[in-house]
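Fit chains W, E, L and X with the ligands to the supplied structure of chain P, relying on the hints for placement.
Protein chains in written order, with my numbering: chain P, 1 to 333; chain W, 1 to 321; chain E, 1 to 479; chain L, 1 to 321; chain X, 1 to 285.
By construction, these hints were calculated from the structure, which means they are not laboratory data.
Just so you know, not all the hints are guaranteed correct.
[To be verified] On the chain P side, residues computed to face chain W include the following (Cβ under 10 Å):
1) Ser45
2) Arg149
3) Lys204
4) Gly286
[As the list claims (entries may be wrong)] Mimicking DSS-like on lysine-lysine, the simulated pairs with C-alpha atoms at most 25 Å apart in a straight line are:
5) Lys95(W) to Lys42(W)
6) Lys86(W) to Lys182(X)
7) Lys19(P) to Lys9(X)
Quick reminder that beta carbons are idealized off the backbone N, C-alpha and C, glycines included.
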Amino acid sequence: MQREKILEVKNLKTFFNTKDGVVKAVNGVNFNLKKGEILGIVGESGAGKSVTGFSLLRLIDPPGEILEGSIKFKGQDLMKMNERDMIKIRGKKISMIFQDPMASLNPVLTIGQQLIEVLQFHLNYRRKKAKNRAVELLNMVGISSPGKRMKHYPNQLSGGMRQRVVVAIALASDPEVIIADEPTTALDVTIQAQIINLMQNLIKDRQTSLIFITHDLALVSEIADRILVMYAGDIIEYGSKGSIISNPAHPYTQGLINSIPVLDKNQKRLKQIKGLMPSPLDLPAGCKFRSRCSKKTDYCKNRDNEFKKISNNHYSTCSEACQLKKELIAGVG
Amino acid sequence: MKLLEVNNLKKHFSVNDSFLANLLNKNSQVHAVNGVSFSINKGETLSLVGESGCGKSTIGRTILGLYEPTEGEISYCGKKISQMSKKEKFGLKEKMQMIFQDPFSSLNPRQKVKDIIQEPIRSHNIVSREEEKDYILNLLDKVGVDGSYLNRYPHQFSGGQRQRIGIARSLSMEPDFIVADEPISALDVSIQAQILNLLMDLQDEFDLTFLFIAHDLSVVKHISDRVAIMYLGKIFEIGDKKDIFAEPLHPYTKALFNSIPELTTTTKENFSVLSGNVPDPIQLPQGCYFHSRCKYAEKICLKKEPELKEVNGRKVACHQL
Amino acid sequence: AETMTIATPSDALTLDPIMLSETPTISVQMNIFEGLVHLDENMDIQPGLASSWEVEDDTTWVFHLQKGVKFHNGDDFDAEDVKFSIERAKNHPKSQFKSPVGQVESIEIIDDYTIAIKTNFPYPILPRKIGRILICSKDYVEANSDQHLQNNAVGTGPYQVSSWEKDEEMVLTAYEDYWGEKPEVDKAILKPISNPATRVSSFLSGEVDILMDLPVQDVERVEEAKGVKVVTRPGLRLIFLGVNTQEGPFSKLKVRQAVYHAINEDAIVEHVMNGHAYKAGQFYPDTIFGYNPDVKRVPYDPEKAKQLLAEAGYPDGFTIQFDSSNDRYMNDGQIAQAVAIQLARVGINVELNVQTKSAHFDKVLSRNTDFYLLGWTNSLGDGIQFLDGLLHTPEDSYGRFNLGNYSNQEVDKLIEEAAMTLDEEKRSKIMQEAVRIGIEEVAYLPLHYQQQLYGMKENIKWTPRPDKYVKISTMGFDN
Amino acid sequence: MLIYTGKRIWQTLIVLFAVSIIVFIMININGDPVQTLLPPEAEPWAVEELRETLGLNKPLYIQYFNFIKNAVKGDMGISYYQQVPALSLVLERLPKTMELAVAAILISIVIAIPAGMYAAIKPESILSKLIMFSSLAGISLPTFLSGILLILLFAVNFSLLPSSGRGEVAQFLGIHSSFFTLDGLKHIIMPAATLGLYMVAMLIRLVRAGMQEVLKQDYILFTRAKGMPAKIVYIRHALKNTMIPVITVIGLQLGRLIAFSMITEKIFAWPGMGKLILDSINRLDRPVIMSYILVIAALFAAINLVVDLLYYYFDPRIELG
Amino acid sequence: MKDLIYYFKRDKMVIIATIILTVIILSSIFANFIVPHNPYDLASVSLMDSMKPPIWMKNGVDKFLLGSDLQGRGILSTILYGTRISLLVGFSAVILGGIIGVTLGMVAGYFGGKIDSIIMRMADIQLSFPTMLIAITVMAFLGRGIFKLIVVIGLATWVTYARTARGSTLSIKNSEYVEAAKLIGINNTKILIRHILPNILTPIIVIATVQIAQVIMLEATLSFLGIGVPLTEPSLGLMISDGYKRLLSGKWWLVVFPGGFLVMIVLSINIIGDWLRDVLNPKLK
Ligand SMILES: Nc1ncnc2c1ncn2[C@@H]1O[C@H](COP(=O)(O)OP(=O)(O)OP(=O)(O)O)[C@@H](O)[C@H]1O
Ligand SMILES: Nc1ncnc2c1ncn2[C@@H]1O[C@H](COP(=O)(O)OP(=O)(O)OP(=O)(O)O)[C@@H](O)[C@H]1O
Ligand SMILES: [Mg+2]
Ligand SMILES: [Mg+2]
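Excised from the complex, chain P in its bound form (with noise of 0.2 Å):
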């Protein structure tokens, strides 16, 4: 079924001008979303998946900035919609769940103020309903007592509270669009699983998308549609969630997925990739992976960054990776 693409993304740069020179963060990615559709992002920490969150909303401030690209949303391009309009695509049409739950609620408001403003702002509800909206929101993330927690201020939650909180800001206006930027990593699995479902339940019901940034690799194996991996401000490999787990192409992916602590085994050492991500300060041209890549070749010194279709619907930069046939990752069912 070919679905309706909701988001457009081409060719998104966005740099860091620092004293140091410029960071790379996001350099030239291209990825489209359509209605209804889970996409997985996943990557090296550092790789630049939550600046590019933030720049899809356009949310970059000095001394970063969006040196190019496009973001088409529904056919418009957001970049070239002035700060008025966007104030009506952010929160309504495209929310984003911050990475890091303390920093992202302003310590002097009540949870309940932060919820409840954009109750009355997006859908115009009056205050007594958008209250009992806002419980209803809390109770749905899973907080106890949310009428008395409304009242509390983000310091007095704990950390998964909070990450709730955020989630259920975000969804509180029933977006389009949702950017969740690793939703779910200070909660416990139960909770983790509420909140999920919860998710896959508007996705049903309202053909809402979902980006969803993790590092979960399990997790996004489980509920997403396509995954997406960066490395260093680049795309670098992406394609149906099957097909990238059980074959995937790029030796960065492949390190990825043989890092995963497994629970049926037992592992004395967990496998890790060697080395580290390059500097966004200055990357090296070609291959970015090359320096710590067991298979590199002099090719990859000289590079583009070009997808090479591995299968239908998955493509990965390594080219090494085409004739590479893989054995089958373990733990993979």
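Chains W, E, L and X with the ligands in isolation, oriented as in the chain P frame:
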């Protein structure tokens, strides 16, 4: 040898309901921790697992003295912390460290990475000034932060990078005991693996002791020796990792294990979700705290709080066993 | 109904006429109350509530009172009120007018409109002094608390207080049943504006009709303005330098003379006072009783000064501390500076110690000074005040402001004689002699008399008084 | 909070006591009031009599004891000059000064907070630079100069506003104030603006500095991500976080303006407390000085208490007590 | 330091302000060598030179580039000499008041409880006294002098810093990074200096830079009252407060030049202060 012993620890917070209520001194209590006892042996890792908001961080912070316990005692090396002298307490700081759950707010926004890590080293004279730089670089390398970032400020990092800086700071003092409050939740799996490996290496090398707070059960299983399952400020089940992972006994533990995501290629449509009302730490329920969500709850569970009792080589608090 | 708005430098503090002897306060009271006599624009004595008086014997004065006078509250005025008012001034514990009536031994009511006042000894200035006691209604004062009287005045004067917001404005309205001539101005609004620049501004902007105490530096600006005029009057206040005549360099007459020669008063008048002061050659101006027309000011002569200094044994000068206030008199701080600069030119190194007035007075009144600047006002119109207080050797009630301890037996005798002499001519001669000696010996170094400066709308007809009392009844308009 | 307030009131009493002792000592150092009070020609016996009437001939500690004895009954003595109770003299003027101070604060808040916010939000714009620059004019000119310049401009040159005084007052809700008449407003605008100039500069700077810092916080970003309009982002979220230093300064300044607006009151012939204390210090009118300073001390204590309570309102992380 | 230079070079306004301030400071320090006559030497002053307008105006004389004051002192030379005093008093008093205030404020906020109460009630006491009364009393006790003046002003201004520092300290003392520092075992002094101080510096710098102008004027007021500098050695503030009285009479140069000088000083200090504040705040880079 018991390094740390926690005895019937309780911690309640007083919270105001509104400016007006506060004006009249009418505050309510959040019962964050409601009588928790456990001990950790030297060189051991005890993991605290449990529902979000059940008081794990509070326990960690109370152990480290950031909160005054409402009730109960904490002893380190057999000595009650509350009875220690100022000097002894200062000595403890070098031995006990914490990795904060929230990486960003635990870093001073006006300090550079270099200063953040340098500070504990200097105040405890860990290494000489000449060796300092190498020591720091080495440390950053171990946690996977590029040495060229030394002069950056916390806000210039991604979430995971901040977390690693926090970890480096805690490790810099070569402590004996670390409370790690979700140290890896913000890290990608590869770095996560790297950090876990590091922690375990350090543990082997220096006989480190961990109180490890985490949600990711596969990680918990990987790193810990013993596991405690918490719910609403109480321990429901505590015992050897092997036992618990082999056969979870408490209904809540079982629920937890059922919710673990697994690497798969098929989309999971229905997550098993605990039904029933989530109990409220402001108004503690009667009987077993879990009864409102428990499939097996019976009359007694509504009335009487279950004690922690020995079952199959571990302790469980459930009337049904 | 003609209204006059007057900007004054400060408000009255009380309306009870015995409580405070302070110009701005009395100035206001003078419109509401009257004394037995009053001084006219030339400081000459004129009848007030007493239509006439005579000296019965050396120590008894008989005053004949006006008939048909009514207080503002309707009470009739008679001898009882006079006796009561004088005795109240004499006996009330907080009275500040004990001195004017200090020599009054007894008051006798001869009939409703005649009283006799007995003094301790022959006391020529009794009428001037008694004129300072303003007469209140006995019944009214007795019926009300002291506190009430502070804000509520009942007098016989041409004006009544119709409203008073302290430090803001006081409205005076003409008293319908005033016994004397009906004043031209029906209503006067007194606005205390203490900051000179603001006072001038409010005048320039037309908010007020009469501006009191125009600062000398702003005279040209006001003169340039349209529809207004500047009126000047010689003031009674002398600005002078005092020196310690007993100790230190100033104990030598030559040094005092040298200093006097070294001061270029013309320059001070011209530059510091902007031309609005009169060079002083003696202790009080010619409007005051006891002025000596033969005494002339020594000329400015720095060379002579240096020579005198050398003769006195100070060829290289000396260092001296000089005390002055800087918020009491017109440009006092600047005058002190100018003096210091001029003395520096003849080699006297002056350490200027300029302080706020309370600190300054505290210092000099405790005689903790060798060289100081002070002002003196002759409010009685009689020079004996100065001679008593400043020229006589300090003893008993004499010489209390003789802070440099000037002492000359001959002068003392003259002063004591003058105090008892009733014959005006004789008395005048004695006082002139005392002045001559005082100036010759440079007991003080008179600098200048201040000039009083007023701004008025052009159509106003008013001759201000030397004592600065604002008598609204003397104001009028050109038509 | 009630307890806290009670504690503060108790502390205030101690403060008042301490203040009274200090003032007492101070005024006894500074000159002899009897000398200043009486006319120069007053005879020595008259001086001594008055000294006795005023009770100034007694030893200092007895004078103080008498003062305290009367003060607890609310009697602070009689003004030497005006012969009315000193306290009532002070209290009579308090509202007039208060009116001026409040007007000044209001003007400066109304101008400074939006201007400061704008300068923080658009730091690079010409208008912001203009705001920052011109606000400095207010602080680099002394009050007496800016006051007189205003008078010259608006009263003398343009004849738009009256130069001095308080103007017509009217009563509203039992309060007499020049706020309620046009004439009164005309009178108050220049002195209030003069008083407020310094405040404006200070507040603009504080608001801008604080805002710039807050605007970089993640929660502002998150609020923007929520799609909140500028009004909510800047006023509700950002401003509230910058208010701590701002209200500190507003509180201090309000107190200062009430207590020490002497120069402005003098320049504009405003019949307030500033002029009273200035004159009283000059005249050494001790009872007035004493009452004045005690009233001011109580006022500051009250303002600072309110500020401390407001701290809590603006930043609930702050603990009272 | 390298950072400072880097940011310094990027901001033209700061460069200009720094140059102006440096020139002003240097020329006032070396005034003796710059101006032809010493206005503080009474013997060199004459009333005959009183109130000369600036050189380019009618009646202007060569000797006085910017005119002369009432006593015949050259305005320009008096400005340079006077600036020396004003800057000395301004900076020293602000630094003194700032150090006392910030220290006490941080201590009060950080430790809370009794210490807080005592310090803040001390502040309440201090606030109740008019500076003028303190000044007069101190003068009565100790006599006058520039050093005493600085102390008086410092004492009169510490509360602003203290209350501000306390307020900001209160709101960050419970933050996690302070907790982290406590866990590390950093002693309280170091926590105050390294963790609290840098994070409350923003309002403090604002207040300090704004206060410099105020302090200079306060010095003038006090000098005028007789405490502080002698009238024969006018400071910048004293020149202004003297000159403003002659504003109406058209002797504008008496107040415009020293006033302009003060404005320039205040502007430069504030521009530098603003910049310093920005640079010290890592987030604004
Ligand atoms: N304000 C900034 N100034 C300079 N560099 C920045 C800034 N914000 C982010 N970066 C850099 O941009 C890069 C991408 O950061 P981003 O937050 O997108 O990473 P991420 O993929 O979300 O990582 P994580 O999983 O750890 O959250 C990082 O190298 C980071 O250091
Ligand atoms: N400072 C505080 N003031 C008031 N209540 C608090 C405070 N800190 C924690 N709490 C409350 O204590 C309870 C336990 O919080 P805690 O942070 O220990 O949970 P947690 O187990 O760490 O949860 P999470 O996994 O979500 O971090 C929560 O209900 C929380 O609201
Ligand atoms: Mg991120
Ligand atoms: Mg936690």
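Evaluated hints:
1. Ser45: 3 Å, holds
2. Arg149: 8 Å, holds
3. Lys204: 9 Å, holds
4. Gly286: 19 Å, violated
5. Lys95(W) to Lys42(W): 12 Å, holds
6. Lys86(W) to Lys182(X): 13 Å, holds
7. Lys19(P) to Lys9(X): Distance ~12 Å between Lys19(P) and Lys9(X) Cα, so the pair holds.
Violated hints amount to a single one, hint 4; each of the other numbered hints is respected by the structure.
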